[in-house]
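Visitor: Okay, here's what each chain looks like letter by letter:
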Amino acid sequence: MTIDLKTVKHISKLSRISLDEEKAKKLETDLNSIFKWIEQLNELKTENIEPLSSIVETKLRLRKDEIKSKNIREEILKNSPDENKDFFVVPKVVE
Amino acid sequence: MSKIIDLSLSELVSNIKNKKISSNEATSAYVERSKKSKSLNAYNEETFDSALKKSTEFDLKPDFNKQLPGVPIAVKDLFCTKNVKTTASSKILNNFIPTYESTVTQNLWSSGSILLGKLNCDEFAMGSSNETSYFGNVISPIDKDLVPGGSSGGSASALAAKLTPATIGTDTGGSIRQPASFTGTVGLKPTYGSCSRYGIVAFASSLDQAGPMTKNVKDAALLLEVMSSFDNKDSTSVDFKRPMYSKDLSKNIKGKKIGIPKEYRVDGMSEEIEKLWDDGKNYLKDCGAEIVDVSLPHTKFALPTYYIVAPAEASSNLARYDGVKYGFRTEGDNLIDMYEKTRSAGFGDEVKRRIMIGTYVLSSGYYDAYYLKAQKVRRLIKNDFNNIFQKVDAILTPSTPSSAFKIGEKSNDPVSMYLNDIFTVPVNLAGLPGISIPAGLDKKGYPLGLQIIGKSFDEQNILNIAYSMEDKINFKFNLKEWWMND
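Going down the list, the protein sequences come from chains A and B. Using this note's numbering, the first residue of the first sequence is number 18, and each one after it goes up by one. Using this note's numbering, the first residue of the second sequence is number 420, and each one after it goes up by one.
Hints were generated in silico from the structure; no laboratory data involved. It is possible that some hints are incorrect.
Using C-beta positions, here's what the derived DEER-type ranges look like [to be verified]: (1) B:Lys744 <-> A:Leu31: 20 to 26 Å; (2) A:Ser50 <-> B:Met688: 21 to 27 Å; (3) A:Leu79 <-> B:Ala738: 25 to 31 Å; (4) B:Asp832 <-> A:Val111: 43 to 49 Å.
Restricting the straight-line Cα-Cα distance to at most 20 Å, the calculated cross-link-like pairs of lysine to any residue (SDA-like) are [stated by the list, open to error]: (5) A:Lys40 <-> B:Arg772; (6) A:Lys30 <-> B:Lys473; (7) B:Lys675 <-> B:Cys706; (8) B:Lys719 <-> B:Gly864; (9) B:Lys760 <-> A:Glu74; (10) B:Lys485 <-> B:Gly767; (11) A:Lys43 <-> B:Lys501; (12) A:Lys62 <-> B:Lys666; (13) A:Lys76 <-> B:Phe649; (14) A:Lys42 <-> B:Val834; (15) A:Lys62 <-> B:Lys438; (16) A:Lys26 <-> B:Gly751; (17) A:Lys85 <-> B:Tyr519; (18) A:Lys30 <-> B:Gly751; (19) A:Lys30 <-> B:Asn753; (20) A:Lys30 <-> B:Glu769; (21) A:Lys23 <-> B:Ser763; (22) B:Lys473 <-> B:Lys510; (23) B:Lys895 <-> B:Trp696; (24) A:Lys43 <-> B:Lys675; (25) B:Lys700 <-> B:Val685; (26) A:Lys87 <-> B:Lys501; (27) B:Lys801 <-> A:Asn59; (28) A:Lys26 <-> B:Gly767; (29) B:Lys801 <-> A:Lys42; (30) A:Lys87 <-> B:Lys675; (31) B:Lys874 <-> A:Val73; (32) A:Lys23 <-> B:Phe649; (33) A:Lys43 <-> B:Glu828; (34) B:Lys891 <-> B:Leu860.
Below, a sample of chain B positions facing chain A; criterion: calculated Cβ distance under 10 Å [unchecked claim]: (35) Ile516; (36) Ser625; (37) Val657; (38) Lys771; (39) Ile776; (40) Glu828.
Predicted, not measured: the structure shown is a model, and the values here were computed from it. C-beta: ideal position from N, C-alpha, C; glycine also.
Can you make the complete structure from the sequences, with help from the hints?
Guide: Spelled out as structure tokens, the structure:
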């Protein structure tokens, strides 16, 4: 299977990464060579194999739903890229 | 007495405990040398002044019961350090100052050690040569123009150049063991679940593990002892009784069965690596261990599996960098435009490539063909290891298919760069512990490493094997201090 330029642009949209034409073409080449190499997995029959999603195959621990950190509003907002320190500020979303 | 910077971590600790060296003397020695070694580009952030201040405070009220009393240490810039800039070597985190501390670094400070600075690495730990860092290549002290390996390249370079008595890295596909191998140092990737991932900038959550990088095996045991802890803040942290690795270290490996997997004899493997591996087997026999030929039939599928699983997890983990809550932002015409421009300008090419691969394999219509397939193959790879660990106690392999390469040599060909991790990646996929120890030099005089892989949570065993081999190998590298300026 090959990945065409249209697909590259679609993935870039899904990834929320804007690409210029030159970068998109370079990625088309790179992704095709990487996926051509990945295709070798198709040599293996895996119909009855259980997928492995985590190496620690135990149930996740439960804990009480308690508040442990209090009054950390300032800390949370400290690294906000916008200068407003009361809220996270984004471009206008609703007209 | 030898110079402070020539001491191993364990030797430095005992000298401090015996009051032969003060914390301030040790810290000053490393600060001074680090200042003369800027050409290696090993540090992203230097905390020399605060380190010197803390060392003086330690000397005024020393606590010699701690495991690392007043010991200065520089760490990979992937560990969040409270009030100290943490960038993951990315432009997108260029101004990020964490308001919390990672569990692993907290364990270091609680044991008495002092932060020297944050070490350069590949951007978000994605790379095998430290060439993807936003802050530029790290140079290996081994030779000019040589990569230190990656992604913990700054850590390896700083350790080999004696800018820190020991360091810590993270290993998702070989990022501790490969740079250790390239720089003639020891690197250990613990079992998944041994060291907490809390506060480590996430790359691929089912594969990431922090581990020690040290001058010798004993130091690795000591540092692992400090780093490893059960942590409620990491949902995959495993609650098991942690041994006192350094105290229990032993050179008695008589009767241990060591597997030699035939699939690791890859096409085009150089004679030097073959010989290194053979020498390794002989050293083990000399120690009374038994060599057993084994098979890990799915080995060749490990890398392609990794390059689905790791980017998939990365694309999900890196979705948080959107220019809203922290990090770098580029303004845009609207919210989506702001996201897209921020991420385009904030991430480097390799990171973008991996986010794109991950997004593609998780996208509608391709999920089963790629991601689910890779998870199934991952099971087969894990089963391979389970099977042979019925018969052997550990496995011996080369750490890398070659010695360190030149800067720029592989950076235009992603697949050839990825192939560098062929011997280390299967260990991460199976969640096992692995240690790389320096084992010889190639024709060019560059270090080569051997890797010992163990059963889950059997770090003590692979440390013992490495400790025994280290003695026989007696690795020496004549470090010429060509990079130092006065």
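Visitor: Next, verify each hint and record whether it holds.
Guide: Cross-check of the supplied hints:
no.: 1; hint: B:Lys744 <-> A:Leu31: 20 to 26 Å; in the structure: holds, 21 Å
no.: 2; hint: A:Ser50 <-> B:Met688: 21 to 27 Å; in the structure: holds, 23 Å
no.: 3; hint: A:Leu79 <-> B:Ala738: 25 to 31 Å; in the structure: holds, 26 Å
no.: 4; hint: B:Asp832 <-> A:Val111: 43 to 49 Å; in the structure: holds, 47 Å
no.: 5; hint: A:Lys40 <-> B:Arg772; in the structure: holds, 10 Å
no.: 6; hint: A:Lys30 <-> B:Lys473; in the structure: violated, 48 Å
no.: 7; hint: B:Lys675 <-> B:Cys706; in the structure: holds, 9 Å
no.: 8; hint: B:Lys719 <-> B:Gly864; in the structure: violated, 29 Å
no.: 9; hint: B:Lys760 <-> A:Glu74; in the structure: violated, 39 Å
no.: 10; hint: B:Lys485 <-> B:Gly767; in the structure: violated, 41 Å
no.: 11; hint: A:Lys43 <-> B:Lys501; in the structure: violated, 39 Å
no.: 12; hint: A:Lys62 <-> B:Lys666; in the structure: violated, 47 Å
no.: 13; hint: A:Lys76 <-> B:Phe649; in the structure: holds, 16 Å
no.: 14; hint: A:Lys42 <-> B:Val834; in the structure: holds, 17 Å
no.: 15; hint: A:Lys62 <-> B:Lys438; in the structure: violated, 63 Å
no.: 16; hint: A:Lys26 <-> B:Gly751; in the structure: holds, 19 Å
no.: 17; hint: A:Lys85 <-> B:Tyr519; in the structure: holds, 14 Å
no.: 18; hint: A:Lys30 <-> B:Gly751; in the structure: holds, 15 Å
no.: 19; hint: A:Lys30 <-> B:Asn753; in the structure: holds, 15 Å
no.: 20; hint: A:Lys30 <-> B:Glu769; in the structure: holds, 17 Å
no.: 21; hint: A:Lys23 <-> B:Ser763; in the structure: holds, 18 Å
no.: 22; hint: B:Lys473 <-> B:Lys510; in the structure: violated, 30 Å
no.: 23; hint: B:Lys895 <-> B:Trp696; in the structure: holds, 18 Å
no.: 24; hint: A:Lys43 <-> B:Lys675; in the structure: violated, 51 Å
no.: 25; hint: B:Lys700 <-> B:Val685; in the structure: holds, 18 Å
no.: 26; hint: A:Lys87 <-> B:Lys501; in the structure: holds, 17 Å
no.: 27; hint: B:Lys801 <-> A:Asn59; in the structure: holds, 18 Å
no.: 28; hint: A:Lys26 <-> B:Gly767; in the structure: holds, 18 Å
no.: 29; hint: B:Lys801 <-> A:Lys42; in the structure: violated, 37 Å
no.: 30; hint: A:Lys87 <-> B:Lys675; in the structure: violated, 53 Å
no.: 31; hint: B:Lys874 <-> A:Val73; in the structure: holds, 14 Å
no.: 32; hint: A:Lys23 <-> B:Phe649; in the structure: violated, 47 Å
no.: 33; hint: A:Lys43 <-> B:Glu828; in the structure: holds, 19 Å
no.: 34; hint: B:Lys891 <-> B:Leu860; in the structure: holds, 15 Å
no.: 35; hint: Ile516; in the structure: holds, 6 Å
no.: 36; hint: Ser625; in the structure: holds, 5 Å
no.: 37; hint: Val657; in the structure: holds, 6 Å
no.: 38; hint: Lys771; in the structure: holds, 6 Å
no.: 39; hint: Ile776; in the structure: holds, 6 Å
no.: 40; hint: Glu828; in the structure: violated, 17 Å
Going through the hint list in order, the structure does not satisfy hints 6, 8, 9, 10, 11, 12, 15, 22, 24, 29, 30, 32, 40.
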